[in-house]
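Going down the list, the protein sequences come from chains A and B. For the first sequence, my numbering assigns the number 251 to the initial residue and increments by one for each residue that follows. For the second sequence, my numbering assigns the number 251 to the initial residue and increments by one for each residue that follows.
Some hints could be false.
[What the hints assert, rightly or not] Below, a list of computed lysine-lysine pairs in the DSS-like style, where the Cα atoms sit at most 27 Å apart: (1) K412(B) x K259(B); (2) K633(B) x K259(A); (3) K412(A) x K633(A); (4) K412(A) x K259(B); (5) K259(A) x K259(B).
[Claimed, not checked] Residues from chain B shown here face chain A by an in silico Cβ test under 10 Å; the list is partial: (6) D255; (7) K259; (8) G361; (9) T421.
What the hints contain is simulated information worked out from the structure, not anything from laboratory work. Quantities reported herein were computed from a predicted structural model and do not represent experimental measurements. By construction, the Cβ of each residue, glycine as well, lies at the ideal position given by its N, Cα and C atoms.
Protein chains: 2
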Amino acid sequence: MRAVDIIRKKRNGHALEPAEIAAMVAGIASGEVADYQWSALLMAIVWRGMDASETAALTDAMIRSGTIVDLSSIAGVKVDKHSTGGVGDKTSIILAPIAAAAGVPVPMVSGRGLGHTGGTLDKLESIPGFRVDLDLARYREVLARCNLVMIGQTAEIAPADKYLYAMRDATATVESIPLIAASIMSKKLAEGIDGLVLDVKTGNGAFMERLDDSRALATAMCEIGAGLGKAIVALITRMDQPLGRAAGNAVEIAESIECLRGEGPEDLVDLSVELAAEMVVLGGVAGSLDEARAVCRRTIADGTALAAFARLIEAQGGDPRVVDDLDRLPSPRTRVDIESPRDGFVRSLAARPVGHATMLLGAGRARMDSRIDHAVGVLLHRKEGDRVVRGEPLCTLLVNDEARLAEATAIIRDAYAISDAPAPARPLILERIAAGPGPRQAPVARPSSHDVS
Amino acid sequence: MRAVDIIRKKRNGHALEPAEIAAMVAGIASGEVADYQWSALLMAIVWRGMDASETAALTDAMIRSGTIVDLSSIAGVKVDKHSTGGVGDKTSIILAPIAAAAGVPVPMVSGRGLGHTGGTLDKLESIPGFRVDLDLARYREVLARCNLVMIGQTAEIAPADKYLYAMRDATATVESIPLIAASIMSKKLAEGIDGLVLDVKTGNGAFMERLDDSRALATAMCEIGAGLGKAIVALITRMDQPLGRAAGNAVEIAESIECLRGEGPEDLVDLSVELAAEMVVLGGVAGSLDEARAVCRRTIADGTALAAFARLIEAQGGDPRVVDDLDRLPSPRTRVDIESPRDGFVRSLAARPVGHATMLLGAGRARMDSRIDHAVGVLLHRKEGDRVVRGEPLCTLLVNDEARLAEATAIIRDAYAISDAPAPARPLILERIAAGPGPRQAPVARPSSHDVS
């Protein structure tokens, strides 16, 4: 089985056998497949695509390239959540303590932000002392103690995915649904989880802007999970405007804590609870989504979710007092309001430019090696549907370095579209796809539906 | 200008700017473009293609990656010939002395054989002592002395092409007309030539089996040459059966010498004279193809072409006595006849299996590092249209190592199709394409025509 023949087969539009895909992935570590051969195959995959069986085989081979974490010593159905990334999306930080407090073990492995999207790890690191670089032994320990752990991808998990991810970034082969699906799922399924809830974003602030693409990605990930015997639920959610009212790092931790206190903005709380409820059902703690939603809201009302978050912070080396005192989080030197130029209603607030401006202020990365300023970001006082009055602030920029302030200000000003009449409210959750053997005995692949919103 | 952005542009189907292509080629030597980036771009080019302007820019950049040989100290219009490769195709060895004897300086840089096709360098090396690895100084000297020189590609000529050629071979990105055209033309145009005659093969024994593809390749090469101010003529010729009656190395040199003595088979002599005549017209020695054909046939009749070949052999270290005594060439231990199974006529004699069998006998290479046995090969006594009698030899295998003799015999036996009635004769030269400023003031791009056969 020669690499060049496998590349030619895909170039000619044929489906590869699982053994061929396994040989290509094994060839990364053994050195039998050259990097220039893999990149040629990646471009051929972008061109020709991969079917469900090929995508599953690639995922499986990438999982086997490293350690598959054994969490069998920890009781319960382990469930994680993954988002394809958006602006102001801090749901992981809210829902993980909720699900853990509800009784579902949550072993969460997250990523960092790049471009206009933020990353859970960067946000967590704005908590003084918080460490995300635990090794796998410590990962297991914290999970056993807190029913919850939040770390970054370790070197042992899916090293072939790390290699291919970096190569795709340098060869313009990122934009391929099967490659994206296999990359996400290989990392998640190597963590030792039993179930996974996916938040697949769609819209101008999402990686996938078109609903069709988002649906195809969600379906591909559900098929991979089902094929490997895991229970998967994907919600396709709108990412046309930022989620919640905060975009940045410390400012998003503060907003997450407010949500866990029962004081968060409605869109963010509702989506966090919905995703947590899916986890609670997959985890076998509740028999229906309605029951699960009630369980989740109760963990907020009775303070157990906030307490779970405080315990997690302490276990991972952070200062748990931040949950009671938000002033312990880093704060910026300057706050700059952007005022509304007129009376009216916010017709739209484009997520991507808000994310871009936040990055320019220093809260995100233009490149993987950029440094982050945890204190800066944006607070959005007005969002879609809100009434605005000329001269009143639309939002506040949290600023340390004024070098790119003017540029960021202009971008955010343009992100707001203001009209005379309010636009009709749009649902946040657009579709739901479920697959795999769940505790609820869900059918293997249910058609997507609009019945959850 | 980042490599990843250039790759993405081609991936998305857009034409690259000359500066972008130049940057990618320059990045090979500087190390600024990683090999895995180039291979991804190659696959994107196989997918999306390149237009004439891009192909010219790639050729130009590859030429500039090395030395452009300066032959201005040598008088006359220097003309070379290139074939896309076939079975039994030894026309270069015949036409080069003819054109040189006719007064056209012929600086010829050739390649080696791979797979079912032979290579001019391998054939020449079957002449005892003949060296093809001259450096550029010696190349100029021999050309000045003999009006002819025949060497292999040196390290100084188009090193970027060498790099990309090896990479294409390992990444299934060989099959792309713009990449093939740019590779051939960069090597040829760096040699210091003024004009070039191309023999683009078509049919089962050719790299391009379909006439459409061969025409597209010929057109692409003519456009490149014309764009860089060179006079180019391409003949598209049929490679359905082997050319001449010999396939191998020494056996092809012997047949070439027979042609130069005026004793060669008609198809081979006619094509060699036709290609040489094109060179003689491009070289400004004759004003018309008819006149040029007469000039070329005269160099055979008066022995000046054979004398030119003998001078060349001596100048490149070989034994010139081979032109008078073919027994000085290496000969095989065994000769094995393959007899006709029935009476009738050869309806077809497939070139590719004959080439494959010749390779199995040791005359060719399965891989670039295979060793060649110069003495072995095949002599074809019967070809398309010939009458055959049951039990009389169709061909003779020239054998040293009998390890794969049975396999080679079976393959050649199957290559012959014998029918009751003779098939109609088919022309060898199918089309002619000319481009660029020739001494005949040919229009820049003449439409292909069937008027030459």
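Tested hints:
1. K412(B) x K259(B): Holds, at about 25 Å.
2. K633(B) x K259(A): 36 Å, violated
3. K412(A) x K633(A): Given that 27 Å is the threshold and the Cα spacing comes to 37 Å, the pair is violated.
4. K412(A) x K259(B): Roughly 25 Å between the alpha carbons, so the hint for K412(A) and K259(B) holds.
5. K259(A) x K259(B): Cα-Cα ~24 Å, so holds.
6. D255: 8 Å, holds
7. K259: 8 Å, holds
8. G361: At about 20 Å, which exceeds the 10 Å cut-off, the nearest Cβ of chain A leaves the hint on G361(B) violated.
9. T421: Interface hint status for T421(B): holds (4 Å vs cutoff 10 Å).
The structure does not agree with the numbered hints 2, 3 and 8 stated previously, though it agrees with the rest.
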